[in-house]
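2 protein chains.
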Amino acid sequence: MPRTVEITDLLLREAQQSLLETSMALEDVAPVFEDLDNAGYWSVECWGGTAFNSCIRFLNEDPWERLRTYRRLLPKSRLQMLLRGQNLVEHRNFDDSIVSRFVEKAAQNGIDVFRILDALNDVRNLRASVEAVKKAGKHAQGSICYGPSPVHTITAFVDIAQRIREMGCDSICVHDVDGLLKPQAAYDLVKGIKQKCGSDTLVSVHTHSTTGVTMVSLMKAIEAGCDIVDSAISSLALGRGHNPTESVVAMLEGTGYESRLDIERLQRIKRHIAKVRPRYGELFHQPIGVETEIFQHQIPAAVILSMEYQLKGQGAPHLLDEVLGEIQNVRRDAGYPALAIPASEILGTQAMFNVLRGKYKVITSEFADLMLGYYGTPLGEKDPDVLAKAAIRANKPAISCRPADLLEPSWEPRRAEAVALGCNGSDEDILTYAMFPKTATKFFQTRAAGAKEISRELSEAKSGPEPAAPGSASNNAGPSRSYIISIRGEEHRVTVTPAQ
Amino acid sequence: MPRTVEITDLLLREAQQSLLETSMALEDVAPVFEDLDNAGYWSVECWGGTAFNSCIRFLNEDPWERLRTYRRLLPKSRLQMLLRGQNLVEHRNFDDSIVSRFVEKAAQNGIDVFRILDALNDVRNLRASVEAVKKAGKHAQGSICYGPSPVHTITAFVDIAQRIREMGCDSICVHDVDGLLKPQAAYDLVKGIKQKCGSDTLVSVHTHSTTGVTMVSLMKAIEAGCDIVDSAISSLALGRGHNPTESVVAMLEGTGYESRLDIERLQRIKRHIAKVRPRYGELFHQPIGVETEIFQHQIPAAVILSMEYQLKGQGAPHLLDEVLGEIQNVRRDAGYPALAIPASEILGTQAMFNVLRGKYKVITSEFADLMLGYYGTPLGEKDPDVLAKAAIRANKPAISCRPADLLEPSWEPRRAEAVALGCNGSDEDILTYAMFPKTATKFFQTRAAGAKEISRELSEAKSGPEPAAPGSASNNAGPSRSYIISIRGEEHRVTVTPAQ
Chain X
1 MPRTVEITDL LLREAQQSLL ETSMALEDVA PVFEDLDNAG YWSVECWGGT
51 AFNSCIRFLN EDPWERLRTY RRLLPKSRLQ MLLRGQNLVE HRNFDDSIVS
101 RFVEKAAQNG IDVFRILDAL NDVRNLRASV EAVKKAGKHA QGSICYGPSP
151 VHTITAFVDI AQRIREMGCD SICVHDVDGL LKPQAAYDLV KGIKQKCGSD
201 TLVSVHTHST TGVTMVSLMK AIEAGCDIVD SAISSLALGR GHNPTESVVA
251 MLEGTGYESR LDIERLQRIK RHIAKVRPRY GELFHQPIGV ETEIFQHQIP
301 AAVILSMEYQ LKGQGAPHLL DEVLGEIQNV RRDAGYPALA IPASEILGTQ
351 AMFNVLRGKY KVITSEFADL MLGYYGTPLG EKDPDVLAKA AIRANKPAIS
401 CRPADLLEPS WEPRRAEAVA LGCNGSDEDI LTYAMFPKTA TKFFQTRAAG
451 AKEISRELSE AKSGPEPAAP GSASNNAGPS RSYIISIRGE EHRVTVTPAQ
Chain C
1 MPRTVEITDL LLREAQQSLL ETSMALEDVA PVFEDLDNAG YWSVECWGGT
51 AFNSCIRFLN EDPWERLRTY RRLLPKSRLQ MLLRGQNLVE HRNFDDSIVS
101 RFVEKAAQNG IDVFRILDAL NDVRNLRASV EAVKKAGKHA QGSICYGPSP
151 VHTITAFVDI AQRIREMGCD SICVHDVDGL LKPQAAYDLV KGIKQKCGSD
201 TLVSVHTHST TGVTMVSLMK AIEAGCDIVD SAISSLALGR GHNPTESVVA
251 MLEGTGYESR LDIERLQRIK RHIAKVRPRY GELFHQPIGV ETEIFQHQIP
301 AAVILSMEYQ LKGQGAPHLL DEVLGEIQNV RRDAGYPALA IPASEILGTQ
351 AMFNVLRGKY KVITSEFADL MLGYYGTPLG EKDPDVLAKA AIRANKPAIS
401 CRPADLLEPS WEPRRAEAVA LGCNGSDEDI LTYAMFPKTA TKFFQTRAAG
451 AKEISRELSE AKSGPEPAAP GSASNNAGPS RSYIISIRGE EHRVTVTPAQ
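Line order of the protein sequences matches chains X and C.
Oh and the first sequence: position 122 is 122 in the working numbering, straight run, nothing missing.
Oh and the second sequence: position 322 is 322 in the working numbering, straight run, nothing missing.
Any given hint could be a false lead.
Here chain X is said to cover these stretches of chain C; the calculated rule only asks that three of the stretch's residues, wherever they fall, bring their Cβ under 8 Å from a Cβ of chain X [said to hold, decoys possible]:
1. 175-187
2. 227-237
3. 240-252
4. 362-376
In case anyone wonders, no lab produced these hints; they're calculated from the structure.
From the three backbone atoms N, C-alpha and C, an ideal C-beta is built for every residue, glycine too.
Start from the sequences and build out the full structure, keeping to the hints where you can.
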């Protein structure tokens, strides 16, 4: 009897976040709900992460209403969300009164599985969420943020997993945001977790296809006992997205493992998404290809792009390689936080200042907070000199407690503000406001107009340059095209370059 | 000590053939020769297959001269070619006098490794080439064309491998043109070959990334003892091409296996190819994605596209699925030839006639030849009724001998014709003529003009529609773009739609 390997589908949330410039409109995904709900997935990830913000910012749509719609139209599915621990769906810490209320409301509105992670792997940042999830009677999946470093050995990761398990999590997720998880590491890590936490501990592996090796990592994780893997339908997969679901199903055939997925339903989903995808922009104008360079510096391409842009603004685009090298030093000085958002951005900016202005001559307030423990405690030792400089810069002491312990309960003041600013009085609205006060305030005013017909709008607006391969000469200006055009009977040869 | 896994590079030949509309101009690949030659590949595939024809047809370039250039500029590398057995670099049989001369000249001009295959897996079609390769003192790599069928079991493939090995081949290649080789099959097949042919038998695996599972298949093949795998540099990989070399290197890290490749050289090659790739068209306007549908019917997308086109011409585009189903019947009737060119095309056309005109009411002459054994003998039993119809249609008997045994030696007549038509009198020119009489004749007349500056030409001509996802509304007409252009000081708004 083959062992069943379960699949978590990412189409409704992270596949869109990884590959498209925005979340897809409900009208474009609604036609696949029946197939999604019956295909045989373990869970359907559909909420949390950047999708929450994207709803109010780009779609003029209530994220809670979107969740209720998913709940209604996917009645058989376990709905899953990504929760950034104490950061919830933002990149800053909230106090426990907000965290517990957010989890309670997410559960009430339809979430069954909470995947909870902290970029620094400081498990104290998971505790309040995990407790709230358990209180709501839902599934708490505690995550390890994967990113190797001299201190982030397999043993260290397995220890973190054990602490997450002991906290009461129902499953453990190995969470790899950049495709850094190589096959052997995947095997060793899952094997180690199963050995240390017990073979009945559900283990899930989340990775990206960025580097071209992670299909193999999924296979190795499965061989080591992994129970659940994440994938996305092939027409919204690959590149900086995820491994294609149909390929995962095919990969298992004839092995000692099998999925429960209905391939005909998958193919219908594939075809529909292929049809609507062109209505959306592509993030980064992604080339067909892989980025194995990330193994060297672990910096996500989005962060590199943003650094390139900033360096250009400083008239120093030639310094990019030096900055990428300096990030490694800054990361070491900071005790090796995982290079996930927000740490990756904080380290990147600090490295840029170090290269442009001299080593720690300028210290950003975010980097000072990171050094001083206000995001949590990373695994490695921090450099004492840099720590001292950060304390002077920020004019506050280093802390060793759980950062959220320093925060006052803010539910009541946030509620009062949100009501004054025109929210509908629901706890959900107040939480939306607590997350994103500015965007939420604007949304409360425009909500009555209804969700944007985003796909039509994008379809009409989309007239940018075609995607070009990386390093292509045409990357900057867009490709020139020559046409022979006829105006009042006279022929002209015209070369046009999109103005961007 | 990790075991070394060797890599064959496909950049110079099949990666181009799989992904681009033409072969790349020498000027565009020349800058990577030094890195290619020193990166640590087992061999560099650079000649044969469709590249030969492409040289004279599109580049006005002597393929033999191209080979000598590769030899000169890649002095340290084993140069490898794809030879289609008795078909050489065409899709029809040649007599042994042509076959032996072709191999002799290819060896003299620089080929070290001859990868030899027959679409029907009729090993008799490999014999003359293998003997000629051994006579020239070069490496003969005999290939199995992989494509599962009720008769094409792992055991059957292993038997074929054994016969190839006994013929005197120096290595065995598992050759999978469409990404059909799933991980477990890859493992079982390589394991079986090693057991049956001896563990010292070099085994190579060639596959495509079409279905998204074959990176895993390479890993499994390696675990089973595979010595050499094929890959292409990442900036000319994936889609219907091959698995990316840099990812293969990363995949092995920390396992019991390692490559000898120099990652810095690979990254330089990657960057250069990424820069020049946009000068060439993309075959099929490939979507980012995978095609797992091919597991159901085994028909290469190029053949499906051509059938779609033909069905449209017949006013019956809705019959495509029926034709794809009928191909399976026709394949069974023909004794399960592998669905590689030319068999895939022959079966596809016959299936189309069966659907449009009634079962075997019309029989193409190629299908009759295939049924009657004039391409060789497939593994399965043929349907006796269809065989009888084919014999009536073709008005000739079925044969069971090696097809080339029926061919008269044609070296002398071909030589006389080629000389009369303006070839330079070299054996190489005569062979070019023997392969492609029409194209060669034209080439002999235009050769003096020199190779086309293809990349500049393509760059200027390239004004087609941007690649769109499959099923996109913009697939047919290409996107319209509006521009404000100024001619002699007067502004005009112009909307242009590429004419295709």
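Now for the hints, and whether the structure bears them out:
| no. | hint | result |
| --- | --- | --- |
| 1 | 175-187 | holds (count 4) |
| 2 | 227-237 | holds (count 3) |
| 3 | 240-252 | holds (count 7) |
| 4 | 362-376 | violated (count 0) |
When each numbered hint is compared with the structure, a violation occurs for hint 4 only.
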